[in-house]
Amino acid sequence: MRFEKSRARCTLALLFAVFALPARAGDDYDPYRIPREQFRAEVSRVALRPLRLPDGTPDAERVRVELEGLIAAELEKRGYTVVPSQAFADIWRRFATDLGGVYDPISGMPDAQRYVLAQQHTVRQLERTQNVDAVLSASIALDAMPAYIGFWSWEAAGTPIRWQGKDLPSAMNQQPQRVEGPYLRVLIHDNAQVLLYDAQIALAWSRAYVGGGYEEVPATELYGKRERNQETVAKLLGPLVDRKAAAARD
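Residue 105 in this note's numbering sits at position 105 of the sequence shown; the count goes up by one each step and never skips.
Calculated directly from the structure, the hints in this document are not laboratory data. One should not assume that every hint holds.
Cross-link-like lysine-lysine pairs, in silico, DSSO-like; alpha carbons within 27 Å at most [said to hold, decoys possible]: (1) Lys77 x Lys225; (2) Lys77 x Lys235; (3) Lys225 x Lys235; (4) Lys244 x Lys77; (5) Lys225 x Lys166.
On a predicted model such as this, the values are computed, not experimentally measured, just so you know.
Taking the hints into account, I'd like the entire structure generated from these sequences.
Spelled out as structure tokens, the structure:
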């Protein structure tokens, strides 16, 4: 029993550590953790896990539904069958209730062993009832991001940094001391919890510190640009094997 508890704690720590890894960006980054052809051979049906958002996100349900919909659409465009996140949530909730709860009602922290049991049970049930090959976990986390000089202004996450109602001029004496914003991350695990794909991209800048003050994008506007959200998801999943194109070539 002591060994099982220790193994559960380690597994839980690894799960959380994966979400806490630093941002990755750049055209030369390879998101695959297995060979592409192996991914193509093994993955065709993907279950979505409910997208995780920072605590206090305004209109969180709308944001979650929109981003999950964009992720599902991008997967389907590439020939994958997608099982919506509600299936994962329903199975998880029922089993967590049977366990007497997964999270401590006072601290809000998960019980390591129960968390792992709920995760394993949910994936097994999805494999048995939906024939899924893998589970996609998406999350948004706020972190520091690089600022760089654009043509006319300082930029971050592909957009000009605003300062006092105007674009921040691209002069070295105007350089932001720090820029923060949300990163969208996607992890794909197989049914044995082996990591297959890991990609992360900055969605937008949310706060820029300049000269002792800061400029902040209103939280209600941060996730409200559907076209930008769509472009971000397309870049994030762009390296995925296109099963439709591959099948046509075969």
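Structure versus earlier hints, numbers of those that do not hold, lowest first: Violated: none.
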